[in-house]
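K.L.:
Using the hints provided, position chain B with the ligand relative to the given structure of chain A.
Those protein sequence lines, which keep their order, are chains A and B.
Per this note's numbering, the first sequence starts with residue 1, numbered consecutively.
Per this note's numbering, the second sequence starts with residue 529, numbered consecutively.
These are computed hints drawn from the structure, not numbers from a lab.
A hint or two may mislead.
Pairs of lysine to any residue, SDA-like flavour, derived with a Cα cap of 20 Å [to be verified]:
1. LYS873(B) / ARG69(A)
2. LYS684(B) / SER444(A)
3. LYS135(A) / GLU827(B)
4. LYS342(A) / SER444(A)
5. LYS741(B) / LEU338(A)
6. LYS268(A) / THR3(A)
7. LYS661(B) / SER685(B)
8. LYS684(B) / ALA397(A)
9. LYS24(A) / GLN254(A)
10. LYS609(B) / PRO582(B)
11. LYS24(A) / ARG69(A)
12. LYS251(A) / GLU917(B)
13. LYS919(B) / PRO74(A)
As the structure is a prediction and not an experimental result, all values here were calculated from the model.
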Amino acid sequence: MKTYDAIVIGGGHNGLTTAAYLAKAGKSVLLLERRHVLGGAAVSEEIFPGYTFSACSYVVSLLRPNVIRELELPRFGLQILPLETTFNPLLDGRYLLRGKDPETTYRSLAKFSKKDAETAPLFSQAMAELSRMVKPIIDGPAPDPASFKPKDLFSLLRLGRIFKDAGEDFVAAQVKMMTMSAVDFLSEWFEAEQLISPMSASGIIGTFLGVRSPGTAYVLLHHYMGEIDGSFRAWGLPKGGTGAISMAIAKSAQHFGAEIRTNAGVSKVLLEGDKAVGVVLENGDELRAKTVISGCDPRRTFLGFVGEKSLDGDFVKQIKRYKMRGSSGKVNLALDRLPSFKSLPGDGPHLKGDITFAPSIDFLEKAYDDAKYGAFSRRPFMNIVFPSVTDPSVAPAGKHVMSIFVQYAPYHLKEGPEAWPSQKEAFGDAVCNMVEELAPGFKSSILHRHILTPWDLEKEYGLTEGNIFHGELSIEQLAFFRPASGFARYRTPIRNLWLCGSGAHPGGGVMAGPGWLCAKTMLEEGAV
Amino acid sequence: MGYPSPFHERMVALNETWKYKDWAGIVSPCRFIENHVYEYTAFRQATGLLDVSPLYKYEITGKDAGAFISYVTSRDVTKMKPGRVTYLCWCDDHGKVIDDGTVTRLDEQTFRMTAADPQYAWLLGYSSGFDLKIDDISRTMAALALQGPTSRDVLKSCSDLGELKFFGSVAAKLAGKKVRISRTGYTGDLGYEVWCDWNDGVAVWDACMQAGKAYGIVAAGLDALDMARIEAGFILLGVDYFSALHVTVPEKKSSPYEIGLDGTVELDRDPFVGQKALRAAREKGSERALVGLELDWPELEAMYSEHDMAPALSSMASRESLPIYLDGGQVGRVSSSSWSPTLKKYLAIGSVRRELSAVGTVLEVEHTVMFERRTVHARVVERPFFDPERKRKP
Ligand SMILES: Cc1cc2nc3c(=O)[nH]c(=O)nc-3n(C[C@H](O)[C@H](O)[C@H](O)COP(=O)(O)OP(=O)(O)OC[C@H]3O[C@@H](n4cnc5c(N)ncnc54)[C@H](O)[C@@H]3O)c2cc1C
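Just chain A, with the same shape it has in the complex (with noise of 0.2 Å):
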């Protein structure tokens, strides 16, 4: 039987990120995918004849540019389509509209505050700035505080060092961000509730927290790193769906000689002693490897294919404690037509971009107060764009795929998980219903609806929980702690296993990042 240097467990894009690098340095790998199609929670799938839906992710954000290059993804089908405009309805039939172009964003927030028209700038500016001194750390492994390894301690002193240049006001805004809420946050600069409402929500996105909820405001960094990449466009819309980066990566991946399986499921990691040596499949076949490398969530990957008895009871204990709680939910929808909403009717540039429905502070709060309570949210958040309109190979000609990201859709209902089923079309409907209310006539447009709620993201995806990030992205599951003390640069307490998904540093979204620094962490300390 074949022993190959890496088998890769999940055909997320960061399995397939990994799958390729090791490839491209020459080793043999095997990845092994469960579901039918690769591409994990950046899919694209055709769940109606003729309309192709981003099932799950919907934009791409911060896919690291060094990866797009060295992986030659253009080559492989990778195109990323502007998105850039951003759209807030309110309740009261007025509306935001940012990013069109300087002045018409200026306009739309003076009607609110001329003061936060004239602000905002220049805190696109220190974001920037901000996410600038933080790209080092997104862009190479967690340094570990606790090592002496001399690698670790460059590392830190690297990081020492990006701080000590910034200054205190840098440091003073980093702590800030670190600990303050979203909303605290913004309010330190904007004061009209219209424009901090939705960009808070940005801070809650994955998380099971709300907006006044403190440490959300770091999340809010990780918008503004995409405009660092500039002209790459490392942030925007994924031609084809988000399944189509995924397929350049996996395109790639082969290219370098890459073995890829679909429908072949892993069941556990095979171990000998403490060293895992290959895999078991779900049909039972046994392959084996000099590494394998899982892209699965944390809790999937050591309390599912390794299991509590060959770990260390404290690593059990972290990977429990280790935050999943999913919390949102995704509706995709095939239109006859665009919506026209109330607040801004027709078409238009509003509808090429992101919209969020993120009315007030207050209206954010009860949809979390929904949520504490084990309830989806009646009245959602919701994060809509509709791919077609820029890129109309995903619908049959003047139709449109719509697509809505859903907050909060908590994975622990108080009827617990399993009653999710049995209110998926009532989730569904309280969706459709929100979007009625801003745009009338919209239900009518409807032809098809695809409901995902955090239960078929476990089911169907394999998202623990459904948590859309492998753990949430709070600041005690971030960097040296993701996902685990000790263990956050892709090792794991069993010899010649890894992670590389998105429980992994830099962590989830998809932008490649765990699984190309995991590949490099194992090449570079000539782990395979």
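P.N.:
Quick look at chain B with the ligand alone, frame taken from chain A:
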């Protein structure tokens, strides 16, 4: 400045930016919205609708029309079948390029020619002894380009267009008007150009826009076009080379072999303008050659990060002339460059000493970072940079 194009009223109504430029005396939108990348994206993902009426156009009819065009241009067009289009250039007696354009054969005795500069007088100058008539239709015939992967669908739903091969041309009915549609364009993508009476322009525009709604049509301006044409590796008169008629310095003139138009010169045939000089030029081999270059992005990034900056390259194509060096000496110049959103590479078109033009050659291009002139490595690569299958596919 500026006379209105046939689509002027429609374009002005759509243009939110007030950014226009003079293209052959006609007011032409640079862009319709602030972010021209959306317009560029339409060329590559949907359909970009672009006014190309400012092009100069000539209709040449008569028994000798074919022989005449073959005499004044770089190609023998007498063998062309009606309904075909060809791309060519024309030169002065010294074999230096005056202009480039397309020639369409409508029927046995009718041809149409496009040019970037006015060429009526020049054409007329050679026409004595030929049985033909030259009509300057530059400002009586409108032209509208529909470029992008859905352009075929758009035209099929608003005209009686059937199958049309790459570089084919056919008479058609659009919006009840008599038009001609050719499968040509300047974006290097699947695309068409609709040629119609100047006065029918608005009706044609409206019909295309209406039909295009279902296919993501977007009005596009010249800024988007510039990016697309660089990806397609096309040269531009007045930017990448200069007309022999308008420059006085011999060095500024170019033979077709120096600007990548080798393929358009059919040398071994009946005498034609510039033939002797071109033959000599071919034998001697040109000193310069046109190249496609790809700038080393990691190096650019490193240069910017020395100043603690992200690479601050404009999203607009540049027509700035930049020196190309090798080992400290100048060996050529870049004439056009652009970030390619599709290829995610920084591309340039330039001219270098022929012995340095082989694919894979590594040169250095000037690049200014923080007001400091530096150089960045650039590799010679194949042109077109971007060449999708759909461009040619039946
Ligand atoms: C609804 C939703 C919306 C989102 N929106 C965005 C967004 O707009 N922008 C953004 O940047 N991010 C978004 N995200 C987050 C982003 O999609 C994820 O962080 C990222 O795609 C995760 O990639 P990954 O490769 O780390 O893991 P996954 O994509 O989770 O890959 C893991 C893979 O392992 C497979 N697998 C599971 N079990 C097994 C097994 N036993 N054997 C073999 N294979 C197995 C899975 O099928 C899957 O393919 C969203 C996520 C969701 C769910």
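K.L.:
Please go over all the hints and tell whether each is borne out by the structure.
P.N.:
Hint check:
Taking the CA atoms of LYS873(B) and ARG69(A), the gap is about 9 Å. The hint holds against a cut of 20 Å. This hinted pair does not check out: LYS684(B) and SER444(A) have alpha carbons roughly 29 Å apart, beyond 20 Å. For the hint pairing LYS135(A) with GLU827(B), the CA-to-CA distance comes to about 18 Å; that is within 20 Å, so the pair holds. With a C-alpha separation of about 15 Å, the suggested pairing of LYS342(A) with SER444(A) holds against the 20 Å cut-off.
Among the hinted pairs, LYS741(B) with LEU338(A) is consistent with the structure: their alpha-carbon atoms are about 12 Å apart, no more than 20 Å. Between the alpha carbons of LYS268(A) and THR3(A) the distance comes to roughly 17 Å, so the proposed pair stays at or under 20 Å and holds. At roughly 36 Å between alpha-carbon atoms, LYS661(B) and SER685(B) are farther apart than 20 Å, so this suggested pair is violated. A hinted pair counts as satisfied when its Cα atoms are at most 20 Å apart, and LYS684(B) with ALA397(A) qualifies at roughly 13 Å.
Under the criterion of a C-alpha separation no larger than 20 Å, the hint pairing LYS24(A) with GLN254(A) is consistent with the structure, at around 9 Å. Between LYS609(B) and PRO582(B) the alpha-carbon distance is near 27 Å, which puts this suggested pair outside the 20 Å criterion. In summary, the hint linking LYS24(A) to ARG69(A) is supported, as the alpha carbons are separated by about 13 Å, within the 20 Å threshold. For the hint pairing LYS251(A) with GLU917(B), the CA-to-CA distance comes to about 18 Å; that is within 20 Å, so the pair holds.
Between LYS919(B) and PRO74(A) the CA atoms are separated by roughly 18 Å; this keeps the pair inside 20 Å, and the hint holds.
Taken one by one, the earlier hints fail for this structure at numbers 2, 7, 10, listed in ascending order.
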